[in-house]
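Peer 1: Residue strings, one per chain:
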Amino acid sequence: MNRRGDIPMILLFIITLILVALALFSMVSFNNNLAKNSEGRSEMLARMAFLEDYVVAKTKNVAHDVIVRGGELKSDEDLRAKFEEIVNERNFGVEGTENYFGKILRGEFVFSRDKDKYWLEIKDLNLEASRGANSIKRNVNLRIEFDYSGDLIRIERNLK
Amino acid sequence: MNFIVNRRAQIGKIVTSFPVMILIFFVIGIYIISAGFIYKIKEAPQSLSIEGVGFDDALLKEVKVRDQPMLIIDSLVKSIINDKKYNEIRKRTEGFRSDLVNEQDNRFLDSDPLTFRKELSKNLIELLKRENLDLFKGEKSCFILFTGNGNVVSESFDDSSNIYAAFEKGEVVASANDVENYKRAGLLNNKKFIIKDKGLGNFEVNLQYYYGKCLGGGK
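Order-wise, the sequence lines are chains Y and R.
Using the working numbering, the first residue of the first sequence is number 1, and each one after it goes up by one.
Using the working numbering, the first residue of the second sequence is number 1, and each one after it goes up by one.
These are computed hints drawn from the structure, not numbers from a lab.
Keep in mind that a hint or two might mislead.
To be verified - With a cut-off of at most 27 Å between alpha-carbon atoms, the simulated BS3-like pairs for lysine-lysine come out as follows:
# : chain 1 : residue 1 : chain 2 : residue 2
1 : R       : 140       : R       : 213
2 : Y       : 123       : R       : 196
3 : Y       : 137       : R       : 140
4 : R       : 64        : Y       : 82
All chains, please: the whole structure from these sequences, using the hints.
Peer 2: What follows is the structure, given as structure tokens:
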């Protein structure tokens, strides 16, 4: 009767030993090669930063070009059409910028002018950088303002 | 008597298991609280606004090619694509009459690769000369570019696929022939990206470059 009463205690002891062994095993077999893993991630982050700068620079470059030709462009519709035409001419297929060129092609942007400035706005721009099976996405709202001579006033980008 | 000892043993067990239980609940409590914090960290971050962008990156500067202001990086990519297409056509039309081949080149390429490359190179150098005066006040500055994609830039440099140039007082003064030092010093920026082209398929472009004051006098 007494011995039977000790069985749970013995089981408890054995289970504890097994759990300790498992914990030790998981610690020993832990892949500590974090530096190698982070290399891939940092490359993706660098690509993302590049894509963002690239898209902003391209938008600024083409918009400036369009504004400089301003005389022949009478309406906002003309501005948009010219912007779309030049951007599509300069689409060299850089991976990760598909959404940007898609948005321009579908006309999902605003290019307008008011009393003293031009402004261009693209909302919910998705950029994607990938490496192997992993990828990171970023959602950006972009607004660029120019004065009437095409000089940059300000760039505003909101990361969501 | 035996019964009493047994009972004492049971009480002993209860007494020892009680603090262990408290400890277990304590550890579980810490786990649940910290798990809750981790969940909180995963919440969507506040939107971040960045006003203004400084385009310090040399490849995001503008250069004029065919009377159009283009980003340097775009003009390099265009040049690489032109070269690849040109070589592809050459391979496919090997043995055909050259006049027919040229006709086909014109049909498939929106600009002749060599002319485009020469113009890009010339205008890029003009831009860098001006910037030597504006940005570096005429002090020695170096521009180094490895395209890793073959013939991109001009004949006016030591190597047909890369640029190594030093500028001073708004003029080209030397080709920077100590390029290895820049590599060893880890000064080269690297831009690696995939181009998806309908005709050529997917290929990787790897640009390594340096733009700034020359190392050790710039020779």
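Peer 1: Could you run down the list of hints and mark each one as holding or not?
Peer 2: These are the hints, each one checked on the structure:
Taking the CA atoms of residue 140 (chain R) and residue 213 (chain R), the gap is about 6 Å. The hint holds against a cut of 27 Å. Restraint check for residue 123 (chain Y) and residue 196 (chain R): the C-alpha separation of about 24 Å stays at or below 27 Å, so the hint holds. A threshold of 27 Å between alpha carbons decides the hint, and for residue 137 (chain Y) with residue 140 (chain R) the separation of about 41 Å lies outside it, so the pair is violated. Restraint check for residue 64 (chain R) and residue 82 (chain Y): the C-alpha separation of about 18 Å stays at or below 27 Å, so the hint holds.
Of the numbered hints given earlier, the model fails hint 3 alone.
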